[in-house]
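**Q** Given chain A's structure and the hints, the job is docking chain B onto it.
There are 2 protein chains.
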Amino acid sequence: MAAQSVATSAETVEINGSGTSVDLGPATGLSCRECGTRFELGPIFACAECFGPLEVAYELPLGDPEALRAAIEAGPNNIWRYAPLLPVPADVASKPSLNPGFTKLVDAANLAKEFGVTGKLYVKDDSGNPTHSFKDRVVAIAVEAARAFGFTTLSCSSTGNLAGAVGAAAARAGFRSCVFIPHDLEQGKVVMAGVYGGDLVGIEGNYDDVNRFCSELIGDPLGEGWGFVNVNLRPYYGEGSKTLAYEICEQLGWQLPDQIVIPIASGSQLTKIDKGLQELIKLGLVEDKPYKIFGAQAEGCSPVSTAFKAGHEVVRPQKPNTIAKSLAIGNPADGPYVLDIARRTGGFVEDVNDEQVVEAIKILAQTEGIFAETAGGVTVGVTKKLIEDGHLDPTLTTVILNTGDGLKTLEAVAEGGGQTATIRPSLDAFRAANLA
Amino acid sequence: MAAQSVATSAETVEINGSGTSVDLGPATGLSCRECGTRFELGPIFACAECFGPLEVAYELPLGDPEALRAAIEAGPNNIWRYAPLLPVPADVASKPSLNPGFTKLVDAANLAKEFGVTGKLYVKDDSGNPTHSFKDRVVAIAVEAARAFGFTTLSCSSTGNLAGAVGAAAARAGFRSCVFIPHDLEQGKVVMAGVYGGDLVGIEGNYDDVNRFCSELIGDPLGEGWGFVNVNLRPYYGEGSKTLAYEICEQLGWQLPDQIVIPIASGSQLTKIDKGLQELIKLGLVEDKPYKIFGAQAEGCSPVSTAFKAGHEVVRPQKPNTIAKSLAIGNPADGPYVLDIARRTGGFVEDVNDEQVVEAIKILAQTEGIFAETAGGVTVGVTKKLIEDGHLDPTLTTVILNTGDGLKTLEAVAEGGGQTATIRPSLDAFRAANLA
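In the order they appear, the protein sequences are chains A and B. Going left to right, the first sequence walks through residues 1345 to 1780 as the numbering used here numbers them. Going left to right, the second sequence walks through residues 1345 to 1780 as the numbering used here numbers them.
Since the hints were made in silico from the structure, they are not lab data. There's no promise every hint is true.
Since the list gives no way to pick out one identical chain from another, each pair is judged satisfied if it fits inside one copy or across any two copies.
In silico EDC-like cross-links for lysine to aspartate or glutamate, where the CA-CA straight-line distance does not exceed 20 Å [said to hold, decoys possible]:
{"id": "1", "residue 1": "K1626", "residue 2": "E1560"}
{"id": "2", "residue 1": "K1633", "residue 2": "E1410"}
{"id": "3", "residue 1": "K1729", "residue 2": "E1699"}
{"id": "4", "residue 1": "K1633", "residue 2": "D1435"}
{"id": "5", "residue 1": "K1439", "residue 2": "D1451"}
{"id": "6", "residue 1": "K1619", "residue 2": "D1564"}
{"id": "7", "residue 1": "K1729", "residue 2": "E1548"}
{"id": "8", "residue 1": "K1439", "residue 2": "E1458"}
{"id": "9", "residue 1": "K1729", "residue 2": "D1602"}
{"id": "10", "residue 1": "K1619", "residue 2": "E1643"}
Only chain A is shown next, with the shape it has when bound in the complex (with noise of 0.2 Å):
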């Protein structure tokens, strides 16, 4: 297979009664998680048949691995490298973007050591990311979906990164936006979404809470013409996160890492990196081989790792109290399928309170030079007590999620952080404070 022929594997599907073609590369539709149904490309989520969640289904190019690796590796710096791998036209990398992706896989050396890691660790730092959190990665794929769909206004419910990420996409690629956040978060989450120009309004209430006003605002004449990225463009959307499992094994010279840490919000990450990995097994462009699959909650928000403890299969709802407001979503949407990945791959879903988030995040910073925002505190927080606990193997090649940036959630560090001393300007009153 020639490098063309990756780039121009697109099929044309036409949306269900509308007329207008749609051009997404290789997907060729929609397919029920549930039950198998499958749809028409189009801004639809929800089976008909069942109520399930839809996912994109492709046209994967099969055939030459190394001429795909090939391929992959001659393309940009950034996620469409991928392109042929997702639902996006074969020229999107010509259109206006943020162009999120390939980001740093940081070899923790010293992490390692102070986790008493003797195999590889890294971390893969999401905080590089344009508006400095993964979410430029799935916003960038629902952009391409709201243009195919015809979309002008662009919409999210969110925890403060997605806002941000939807409000610089929007302003780049020539989209209205107008995002829901709950009322209540940290200054650097609203301050910066709010900067884009779009609207950016705060719901008195939890993320569950903007989640529920979301779907009733799509079913309302008011949503009309908007692409709700997380909402009715989640197919799309949710495929962004498979960019980190391809990345995280090219990085890795294409092969699979032993393990993989991934924090817990609606669960979609986690489930999408999985996803991910067994589309690169499929293609043969890694050689197949069990990996571990981790998951990371914060304690104050945990129906996952309950869960998953408890040896349930569902996920009850818990009201989230937690200084990790990114990870705080009570009812996470895809927990069943975490449930799922964790106990098939035999990996473990585990939880950390604030305080051991805060450490984590200092501990992060204090050894690799990287301010991770307090989802990545738990992500590195967990990794520290599932060592501790025999859950994740310290011999083996780990990698570590940090999806997003300390400067978001200073308040999380703003005590013990900041001056060590104030001084005069003099040598005296240096050698006072007893710091040399």
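**A** Positioned in the frame of chain A, the structure of chain B alone reads:
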């Protein structure tokens, strides 16, 4: 010239009397910018003959530009791809570093339209660096010098970004750090700089007071074993800014831009970007042609633009008073060189007031989805003014530098930013807010 010979063009030079050998790659010594006197590589920054500033002198890989270009392009996606042109050992990419650089050169078509630019307009977005400012570049080079000279503590005087960059780089590279800042900086910069575990000392005074204090500390036994990245390691540190010139030209397809707009704090960055462009010409990596360099200051700290517009050759110090705190250096060390370069290339040095800075931050965010810190607002605002006043040609290819991140200067836009509305989670409440 083969790729290997590029990577091994290092020389070993004896430090004055110390007996240790120093490998800083192609760097062969230090040279006084004023009188040309040569010195061996060492932690010195002022000429013993005339007190002029010292610069790194090189044995550059002259010869086969095609081979050098190919070697660079095959290098890592960070500043170490330019190791043959920097004072760093050939194996630098294998050492613990934040690996900054190779940030996006954003095709800013929306901003061009907004400003009536008919040529190409690009934003070199250095908020994509590990600690989200261009300072990661200069610090990464200084760390190599500090390693070579046997320092164990990294230090600096900083307006905030540098403090964070030093703290993070020191943590990862295994140095102790102790950094000095004016005590009244933006919260984001202070908290971030403090999180990496080094000492962060607030000085009661402005940046120029902090800088004077650091100069005293170097001469005192208290400062023994300390590498001040922007004082006694300044000749090495400054070279990091050359990578901005290298990357811009490489990302333009190995071409010089016609015009570059650069913010001025100490003036070092602008001076070294010019040095970088001149090196690329000398090496045959780009075709020689005229280019213009423009400097950008805030009205509340505009010693260089004031001197430029008055036709002076010296820069009269000012007492800074501007929201662009990262540019608030009233007595800029490289001011006279900036005047030279702007005049020699046919550029201009301009300033904008704080209101224009905030407006420019919002314009950039709302057109390109890039959230710049106040320094970026200065550069974008000055670009607008230069176009309006006819100093900058809107039909040519122009590159604007964004050197830092809006999340670190939230204060500047917090008032106008934030939530458009706060409502109960109901369609009626949303309808009443009148946003749809």
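**Q** For every hint, state whether the structure bears it out.
**A** Here's how the hints hold up against the structure:
| no. | hint | result |
| --- | --- | --- |
| 1 | K1626 / E1560 | neither (39 Å within a copy, 64 Å between copies) |
| 2 | K1633 / E1410 | within (19 Å within a copy, 42 Å between copies) |
| 3 | K1729 / E1699 | within (13 Å within a copy, 49 Å between copies) |
| 4 | K1633 / D1435 | neither (34 Å within a copy, 33 Å between copies) |
| 5 | K1439 / D1451 | between (33 Å within a copy, 11 Å between copies) |
| 6 | K1619 / D1564 | neither (33 Å within a copy, 60 Å between copies) |
| 7 | K1729 / E1548 | neither (35 Å within a copy, 42 Å between copies) |
| 8 | K1439 / E1458 | between (44 Å within a copy, 19 Å between copies) |
| 9 | K1729 / D1602 | within (18 Å within a copy, 55 Å between copies) |
| 10 | K1619 / E1643 | neither (27 Å within a copy, 54 Å between copies) |
Of the numbered hints given earlier, the model fails hints 1, 4, 6, 7 and 10; all others are met.
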